[in-house]
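Asks: Sequence:
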Amino acid sequence: MSQIPWWGLPLVAVVFALAGAAAAQLVFARNNVLLNRTRRDRQWYDERKDAYVRLLAAFEHATHRLRASFDAGEKPPSALVYVDQIGPALMPVRLLASGPVRSAALAVHLQLERLHGEMNPAGVVGVQPQTHFRELLAQVPLVMQQLEAAIREELGIVDTPPAVPSLNGRAS
Numbered sequence: 574m575s576q577i578p579w580w581g582l583p584l585v586a587v588v589f590a591l592a593g594a595a596a597a598q599l600v601f602a603r604n605n606v607l608l609n610r611t612r613r614d615r616q617w618y619d620e621r622k623d624a625y626v627r628l629l630a631a632f633e634h635a636t637h638r639l640r641a642s643f644d645a646g647e648k649p650p651s652a653l654v655y656v657d658q659i660g661p662a663l664m665p666v667r668l669l670a671s672g673p674v675r676s677a678a679l680a681v682h683l684q685l686e687r688l689h690g691e692m693n694p695a696g697v698v699g700v701q702p703q704t705h706f707r708e709l710l711a712q713v714p715l716v717m718q719q720l721e722a723a724i725r726e727e728l729g730i731v732d733t734p735p736a737v738p739s740l741n742g743r744a745s
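Okay, so the sequence shown: first residue is 574 according to the working numbering, each after it adds one.
Any given hint could turn out to be false.
[Said to hold, decoys possible] Straight-line alpha carbon distances no greater than 25 Å define the calculated SDA-like cross-link-like pairs of lysine to any residue that follow:
1. Lys622 / Arg612
2. Lys648 / Thr636
3. Lys622 / Pro665
4. Lys648 / Arg707
Keep in mind the hints are simulated off the structure, nothing from the lab.
Turn these sequences into a full structure, and let the hints guide you.
Replies: Here it is, written out as structure tokens:
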């Protein structure tokens, strides 16, 4: 006969069952934390990307409207109209963006706001208001490029597509 008491085998089974349940609970909790972190990261990326796209589209629309009114010889819309149209797209960027993106977005905003305001001929000595307006309007795409570069850097957007591994395991 064995020297093991009758209660030894059920006790070992209970200990291993509890250890297995604890290990399963720890793995589940770890996976849940990682999944939540992935969701938060994806939400962070999507919120910022949507805000940036809306702002870039609003800036492009304002720039196009300025060019069209200038080409037609009309007076540009007032600064209040511009702020009313850009404000809803600019506020999420001001709240969510990093410092470089926020600074670049405000630089574009100030440039466009200046173009929507009254062109003061006394503001720039020796320059006609129409020439000054055209020069400032030509600078908008350059400032927009800086904003786009800051957005690309923050979101980790690269110009090259990811490498596609070949199916046979060899480098292509």
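Asks: Against the earlier hints, flag every one the structure doesn't satisfy and list their numbers going up.
Replies: none
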